[in-house]
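Going line by line, the protein sequences match chains A and B. To convert, count from 1 in the first sequence and add 4; that's the numbering used here. To convert, count from 1 in the second sequence and add 16; that's the numbering used here.
Treat the hints with caution; some may be incorrect.
[To be verified] Pairs of lysine-lysine residues, derived as DSSO-like cross-links and limited to a Cα-Cα distance of at most 27 Å, are as follows: (1) B:K355 to B:K325; (2) B:K325 to B:K32; (3) B:K344 to B:K427; (4) A:K27 to A:K87; (5) A:K50 to A:K108; (6) B:K93 to A:K24; (7) B:K97 to B:K212; (8) B:K32 to A:K108; (9) B:K93 to B:K83; (10) B:K212 to A:K23; (11) A:K23 to B:K440; (12) B:K220 to B:K180; (13) A:K50 to A:K87; (14) B:K437 to B:K28; (15) A:K108 to A:K24; (16) A:K96 to A:K27; (17) A:K108 to B:K437; (18) B:K434 to B:K93; (19) A:K24 to B:K434; (20) A:K96 to B:K344; (21) A:K23 to B:K437; (22) B:K97 to A:K108; (23) B:K374 to B:K32; (24) A:K108 to B:K220.
Hints listed in this document are in silico derivations from the structure and should not be mistaken for laboratory results. Computed from a prediction, not measured in an experiment: that's the story for all the values here.
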Amino acid sequence: MSIYGDIILDHYHYPRNFKKLNKSSKKVHVDNPLCGDSIDLAINVKDDHVQDIAFQGQGCAISLASASLLTEYVKGKKISEVKNIDTDSVLKLLNIELSPNRIKCALLPWEAFMKLMTN
Amino acid sequence: MTIINHIMLNPKRIKKDFPIFDKHPELVYLDSSATSLKPRPVIEKLLEYYTDYTANIHRGIYKNAEKSTQEYEDTRKVVAKFINAKRPEEIIFTRGTTEGINLAASTIGLDSIQKGDEVVVSRMEHHSNFVPWQQLAFQAGADFKVIELNESYELRVMSYESEKLIINLGGVVTKRTKILALTMVSNTLGTINPLKEIIAQAKKINPAIITVVDAAQAVPHMKVDVQDLGCDFLAFSGHKMLGPTGIGVLCGKYELLNKMSPYQYGGDMIRQVKIEETTFNDLPHKFEAGTPHIAGVIALKESIKYLEKIGFKNIREHEKNLTMYLAKALSYEFPNLIKCYGPRQIGHMGGIVSFTLKNLHPHDIAQILDEDNIAVRAGHHCTMPLHDFLGVPATTRASFYIYNDEDDVDKLIAGLKKTVKILK
C-alpha cells in the first residue's frame, strides 16, 4: 500500500499555512541534516489561542504534509489544548503507517512546534 | 584463466547464485555501493566455520583450532595475491574500510603529523576518509586541505591535453604535506580517480608523504594492484564485494607497518606481557588485537574466488554497459527534469549514478520505488561536503553489480515515471 494517499498528496500539493508570518510573536527553525530537510515555523498567540501559524521550508512530501496537517490542526485552538500534543497524535493526522526512517520526516514539524511551545 | 573469462557475464545465471532472489524474486537491487548481496558459496563458508570447525585461531593445539587458523591465514594469502601485496604480512584484517582508515590515522597519522604540517583529502571523500584526517589535522594543529572538483565532477588537479592526462598538484600538495588520503572511486559520483599518477607526483613533491587509498568502491569492481598504485596504505571492505559484513582489509607497506605503534591492545597482538613491560607481536598480528571475525575472514576468500572466476574485465565491461544504458534512459525519458552528477566519459565512471529528478525529494523517490521493490539509496551517501558542492542536500543513487541487468534499469525508469506521476 502506498503511503502517498489522498490526504498526504493533497497537503503536499496544496500545503495549508505555507506562508510567511510577518508579525509573528515567535519563530523557530529546525533541520534534519541527514536528509537536508528544514522548517521554519512561526506563530501568533492571542488570548491563549493559536491565532495564526505558518511554516516555510524544504522537505519531502511526508514532512511537508505533516507540517500542513499539524498547523491546520492547532490553528485556532487553545494553547493548553495543543502544547502537549504527542507524536502519536501527529502520526494519526497523517493516517498512514510509516517506517522508522520516515517517522523522522513526519515529526520534524512537531519538533519545531514543541520548541515554539517550550521556549 | 578459466573458460568463463571469455564468456560475457550473464546476470540471469549469476542471480541464481544469490539466495536472496529465491526469497525475493521481484527484488531490483540497485544499492550495491552501500552493500552487495551475498552468493551461496560465501554464505555456505560462513556456515561451514560455525558448523564444522568452530575454534579460536592462533591458540589451540587441537584439530579444529588448526583448521580454523589455516583457513584464516590462507585468506590472508589469497587477499595479498588478489591486490598484489608484496607479502601476506601486509594484510591486516579490520572491521571494514572505516576501521582501516582510522587505524592508519590514529597510528602513523598521529605519529607523523605536527603543527604546521598539511593533511590533504578531496571534496568527494566519503566521511570515513574525510573526518579521521580532518580531526587528526585539528588535533595536531596541522592544515587540513581539500582538493576541489571541476565541472566534470573530477579532481581539479587533473586535466587533459589532447587526451593526455596531466596532473598538477602544485599548490595543493607541498613539501609540508605529510598525508594524502584519496578515494579511488567516489561512492556518490562514481568518478574513478587516476591515483597512480597522482600518487607518483605527490611522492616527487615530498618523498616522505604517506598516501592512503580508500578502495571501498574500487576493489569490488576493478582489478586493484597496490604495487602498481604505489600507495602506502589501501583500505577496503568485504561486504561491498560479496563478502560478509564486519570484515575489511587494510593493506600497508611492511616497513611502515613494522615501525608503527599498535592500534589496539589486547590478546593476540602481544609477544610477552610482564608487569614492567609488554612487547608486541610481529606483523600482521600486532594490529589484530582480540578475537577477529574469523568466519567473516574465511568467507571473504570465497567472495574473492567468486569474483575472480567471473573476471574483473567482464565485471567492469558489464557495469559500464549498464551505467551507459541508465544514463541514456534517464536523459531520454526525463529530458528537462533529470540532473546526473558524475563524469561525462564512461571510462572515468564506475557503476554508480546519482541524480536529482525535478524538485522531488530523494526520500520520496526512494519510497515510491520501494513500493515496486526497487532498492536505491537516497540521501547524502556520507558525502556531505560533496553535496555542498553539488548544491543539493541529497541525491538519489543507483549502483550496479554483477547480478543487475537491463531489466533492472527498465524497472527503475518505470518506477521513476510513476514517481513523477504521483508527486507531479
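Quiz item: Broken hints, numbered, in rising order?
Solution: Hint check: 1, 5, 6, 8, 10, 14, 16, 18, 19, 20, 22, 23 and 24 fail, others pass.
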